[in-house]
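Student: Assemble the complex: chain R is given as a structure, and chain B must be docked to it using the hints.
Number of protein chains: 2
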Amino acid sequence: MVAEIICVGTEILLGNIVNTNGAYLARACAGLGLSNFYQVTVGDNEERLSESIKTALSRADIIILSGGLGPTEDDLTKETAAKVCGKSLYLDEESKESIIAYFKKKGKEPTENNIKQAMIPEGAVILKNNNGTAPGVIIPYENKHIVLLPGPPIEMIPMFEESVVPYLRKLLPGVIVSQTVKVCSVGESLLETKIKDLIDSQTNPTIATYAKTGEVHVRVTAQAATESEANKLIKPVVNELKLRFGNNIYTTDENVTLEQAVVDLLEASELRISTVESCTGGMVASRLINVAGVSDIFKCGFVTYSNKAKRKLAGVKKSTIEKYTAVSEQTAKEMVSGPELGPKADVIVAVTGYAGPADTETEPKGLVYIACNVCGQIKVKEYHFSGSRQKIRESATTEALVLVRECVLDYFSEKTFG
Amino acid sequence: MVAEIICVGTEILLGNIVNTNGAYLARACAGLGLSNFYQVTVGDNEERLSESIKTALSRADIIILSGGLGPTEDDLTKETAAKVCGKSLYLDEESKESIIAYFKKKGKEPTENNIKQAMIPEGAVILKNNNGTAPGVIIPYENKHIVLLPGPPIEMIPMFEESVVPYLRKLLPGVIVSQTVKVCSVGESLLETKIKDLIDSQTNPTIATYAKTGEVHVRVTAQAATESEANKLIKPVVNELKLRFGNNIYTTDENVTLEQAVVDLLEASELRISTVESCTGGMVASRLINVAGVSDIFKCGFVTYSNKAKRKLAGVKKSTIEKYTAVSEQTAKEMVSGPELGPKADVIVAVTGYAGPADTETEPKGLVYIACNVCGQIKVKEYHFSGSRQKIRESATTEALVLVRECVLDYFSEKTFG
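The listed protein sequences correspond, in order, to chains R and B.
Using this note's numbering, the first residue of the first sequence is number 1, and each one after it goes up by one.
Using this note's numbering, the first residue of the second sequence is number 1, and each one after it goes up by one.
One chain only, chain R, in its complex shape (with noise of 0.2 Å):
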């Protein structure tokens, strides 16, 4: 089956924003096993809307499209589906519900424009919006399928995993099943090395590699007439990943993230965190904040930024400061075993270094230091990250909570066979 994406936004011709969504939905399509020839970028104008949908119409499908679900006289993505198919629009009062309890959580009331979001195409399959006001549907027309999402892909993400995926595997002949093996600690380049033979010998299962930050996932995906049997099929390829990579994965689950990852490993060792964060100012106590439930683990964290504030807060000498400066090794290191002030914690992991925009001699951009302790146990890192403020600040991140995992894995594996 063939699958167009269309992608409705002024704001994408215009490049004030990268069209991730073309992305995500591409690679969705790919997972699920749909070809895709075409993705069409249009504005928010009847005309030139209404003739992409009819091209795609004439050589594709399933027809997704995102963007021009929203509130105002802009979006018209709905209205002008539902036109090219004949079909009329309705006020679906369990939609309208939805939109006037989300105004009300917020305390709000829905304008008449909002309310125009519950009109429904006729025959359409309604897709609920968790995260937003803008239901999605899908229309059934002439055996073909009409997907419309809405843009923010805080709202199209979900919706698509929740209701699209369900609705299109309906449609398809046999099923494709993918698997995810996470591995940290290993650049995309190497990783490939390592897994050529595999990559090229390839045919069914396929493997796939994709780089993220401070981390690379590889995909194994399977064809096959039952989930079970494409289970059987990934099987021995991801026993054979686990076996070349070891420790260095993290998770073989899709939904499970690095952060997860680590907030498990440290509830299973019964193990408490606290943070003390420079140059990553938070993020590494954000990223553990996104796991919920976590207070149970998470001591709590300090963004020492400042020179004072390591001193002040994490207790490194102001003689380290003056004598290695604030982005070293002895500082990191410091930043770990200075006397604590908040509730005493079992590991703590400290993050220090320069994440630019400038780039001098005696500061060069993308140098860290990140420390870990685990029980006294401590170890300091040096890295060195390449790009922007923000991307370092991330790659840091990642590094660090990556750091944690080693450590903690390392404590144990001395403790039983030290």
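None of these hints come from the bench; they were simulated from the model.
Beta carbons: idealized from backbone N, C-alpha and C, even for Gly.
You may find that some hints are simply not true.
From chain R, some residues computed to sit far from chain B (all C-beta separations above 12 Å) [claimed, not checked]:
1) Glu11
2) Leu57
3) Gly70
4) Glu94
5) Thr111
6) Pro173
7) Gln179
8) Lys194
9) Leu233
10) Arg244
11) Thr252
12) Glu254
13) Thr275
14) Gly282
15) Glu361
Which bits of chain B does chain R cover? Going by a derived footprint, with three or more residues having C-beta under 8 Å, they are [as the list claims (entries may be wrong)]:
16) 21-33
17) 36-44
18) 355-367
Tutor: Same frame as chain R, but now just chain B:
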């Protein structure tokens, strides 16, 4: 004049890469005053590529293609475009020499495939590639212009700026200038209602709104013969927006973020800030530290996710948490008024709330209190956010920055007029 952008590459159709070339070229076209109604992505397939070029020629004056100029058999953009225009290819000796020189510099020999890159459609303008081997070309065709650029951004962008911009400028009448007005504390619907008259009567300049988490950006765009004439058209509209939204406008500079505006305000006011975060877990601190050179005004940050940390680090009374819970106006207030552990700050902002995923009667998901203390003057606000855990935390982070801005402005206006 109308431009159409065609990005060529199977890796985009598979979602393996995000199409940043599309965004770059769209922005560049908008900057040149070219209208852009369609962006198309197509794979390295002769038939579909040919169809896409023909369609683009039927509706645009300038067709810009990126990708498919590489040395491999897959790469057929140049051959296909030449075929559509009925032009044959010849070996351009100068391009061939450039390719040989490029390889020589790297201590390598070019393959025959690389020499293929020196084949140029008859009558085309050759665009030198200073960052790779594939030259770009512009094929003039029936009063239209087909621009072929390499796919890697590192080659494409400099080539566009060095060679394509001067070529296109000669074809164009006048310039396009945009200015962005960034508004906080006003939702998109309300904002649009307030400027409906301006939007309805727009011709030149045009007005477009873009909703972001907790803010709305209004872009005013004018077309004129010269930049100063365009600016003259923009100015009265921006002034009208300033009149209508007053202090809710935090900047009229596209490059200034909310956190930058807050840091600028604190610096100008000579106020130093500390953060005390529960559900946002370091995100407010992290946003502030996005701004380079913030160490002069950022004193320190505390992540007090557990009740114990709230008591020990922020001085919240045990009885307050017991009586009112950790997510309450009273707790938020104490989080910004307790004895400070770190270096003394003038401004303290605190966030406490339920980010979910659980949503219970006693812990309603999305309920957040944000408190701000400016030199002893304290304000606490109650918020009801919706969406995922991450979305709620992002919304709370933005509103915390907005509240800091509001409280600092209040403090000075009361000092001046109170």
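Student: Confirm or reject each hint.
Tutor: Structure-based check of each hint:
1. Glu11: Its Cβ does come within 12 Å of chain B, the nearest being 6 Å, so this is violated.
2. Leu57: 15 Å, holds
3. Gly70: 8 Å, violated
4. Glu94: About 17 Å separates Glu94/R from the closest Cβ of chain B, which puts it past 12 Å; holds.
5. Thr111: 5 Å, violated
6. Pro173: 20 Å, holds
7. Gln179: Fine: 18 Å to the nearest Cβ keeps Gln179/R off the interface.
8. Lys194: 20 Å, holds
9. Leu233: For Leu233/R, whose nearest Cβ neighbour in chain B is about 21 Å away, the distance exceeds 12 Å, so it holds.
10. Arg244: 22 Å, holds
11. Thr252: Since the minimum Cβ distance to chain B is about 21 Å, Thr252/R lies beyond 12 Å and the statement holds.
12. Glu254: About 15 Å separates Glu254/R from the closest Cβ of chain B, which puts it past 12 Å; holds.
13. Thr275: 7 Å, violated
14. Gly282: 3 Å, violated
15. Glu361: The claim stands: Glu361/R keeps its Cβ more than 12 Å from every Cβ of chain B (closest is about 18 Å).
16. 21-33: holds (count 9)
17. 36-44: With 8 residues in contact (Cβ-Cβ under 8 Å with chain R), the coverage given for the segment 36-44 of chain B holds.
18. 355-367: n = 5 at 8 Å, threshold three: holds.
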